[in-house]
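With chain A's structure known, arrange chain B on it following the hints.
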Amino acid sequence: MSLILHGLPPLHWALAGVGIAGVTLALLLLANRRLGISTGFEDLCSLALPLPYLQRAAVTVGREWRLPLLAGLVVGGFLSAALGGGWHLTWALGLFDRAIGLGPAGKLAWMFVGGLFIGFGTRLAGGCTSGHGIFGLANLELPSMVTTLCFLGAGIVTTQIVYRVFVPLVAL
Amino acid sequence: MTLVYLLLGTVFGFILSRSGAADYDFIQGMFLFTEFQLYGIIAVAVLVTAPGIWLIKRRGRTILGQRLWIETKPFHRGNIAGGILFGIGWSIAGMCPGPILVNIGEGKIYAVAALAGALVGAGLLGAFYESLQRVFALPALKAGTGEG
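Line by line, the protein sequences give chains A and B. Throughout, the numbering used here is defined as the position within the first sequence, counted from one, plus 1. Throughout, the numbering used here is defined as the position within the second sequence, counted from one, plus 3.
Looking at chain A on its own, in the form it has when it is part of the complex:
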C-alpha cells in the first residue's frame, strides 16, 4: 500500500515507531514536557475565547511549547510533500474518493463533522493518540489504557460500519 501523498512508499513501521519514540523522549529529556497534541486545540481556542476553562493555567502556561510544536507539525507535512514530489493543494482522499466520492463541498462537511468529534472527544478524554496512546501507555497510566481501548474500538466499529455496511448498501 502506498501513501495518498504522491503515491510514496511508507517508511518501515519499526523505523517510524522508533522515530516517534525519539521525539517523545527528546521532549521529556530536553524540555520536561509530556507529549500531547490535543491540548493545543484548547490553546488555539484560548487565543480567541475568554472562557474560564480555556484560560486555565494548564493551557496558558503550556503555550510557549505547544504552539511551536503544532507549527512544526505543519512545517513537517509541508517539507514531506515538497521533498517527496512537490507541494501543491489537493483534494485527493484515496479510498474515500473510490468508495464514497463526495465532491469538495461534501468533503469539507464530512471533515468538519469528523473534526467536531475529534476536538470534543479528545478534550473530554483528556488526550489523544499521542498523549494517551503513546506517552500514557508507555508511562503505564490506567486512564490512558482505558481511553486508548475506547478510541481504537470506536474507530474500528465506525470504519467497519461505513465501509462494510454503509458503502455496500448504497452501492446496491
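No lab work stands behind these hints: they were computed from the structure. Don't be surprised by glycine CBs; every beta carbon is placed ideally from N, CA and C. Wrong hints could be hidden among the right ones.
[Claimed, not checked] Simulated coverage check for chain B against chain A, where a stretch passes if three residues somewhere in it have a Cβ under 8 Å from a Cβ of chain A:
no.: 1; stretch: 12-23
no.: 2; stretch: 48-60
no.: 3; stretch: 65-75
no.: 4; stretch: 82-90
no.: 5; stretch: 97-107
no.: 6; stretch: 117-130
no.: 7; stretch: 143-150
[Said to hold, decoys possible] Over the 12 Å line for every Cβ pair with chain B, so calculated as not near, a few chain A residues:
no.: 8; residue: LEU170
no.: 9; residue: VAL171
no.: 10; residue: ALA172
no.: 11; residue: LEU173
Leaving out everything else, chain B in the frame of chain A:
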C-alpha cells in the same frame, strides 16, 4: 527553546506524514484490519518509549538539570465517553489531532475543515465544562481533563 519545539514538531510531522499515520487510507486499513502498518508503529513507539521514560525518571533530571516533572492524567468517565467520540472522529476524518496539522502542511485542503471542526469541538467542551463536569465526574475546572 522555541526553536527546539519547532524542530521536534517538524521531525514528528515529517514522520507522521511519511509513515501512513497521517494518511486516510492507512487509517481506514488499520480499522478494517487490512493494513497493519499503524498497529506496528504504535506498538514500537510505546515499547521503545516505555523503557526510555523509565530511564529518564531514574535520572530524575532533564538535560538542563531541571527536576523531572511528569503530570499523570486523572481518571474520570470522560476517558470512556471522550475516547469513544474521538474514535468515531478519527475514523470519519482519517486523522487524529497531530495529523490534522500535518495534512494541512501537505496541502490537503479538506484538513482545514477538520481543524475548524476540532477547534469548535474543543471550544464547545470549554463552554459547557461545568455542565459536563457533573455528568462525567470530571476534575475541577482549574485542573481540567488531562493535558495532551
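Tested hints:
no. : hint    : verdict
1   : 12-23   : holds (count 12)
2   : 48-60   : holds (count 9)
3   : 65-75   : holds (count 9)
4   : 82-90   : holds (count 9)
5   : 97-107  : holds (count 10)
6   : 117-130 : holds (count 14)
7   : 143-150 : holds (count 7)
8   : LEU170  : 16 Å, holds
9   : VAL171  : 16 Å, holds
10  : ALA172  : 16 Å, holds
11  : LEU173  : 20 Å, holds
When each numbered hint is compared with the structure, no violation occurs for any of them.
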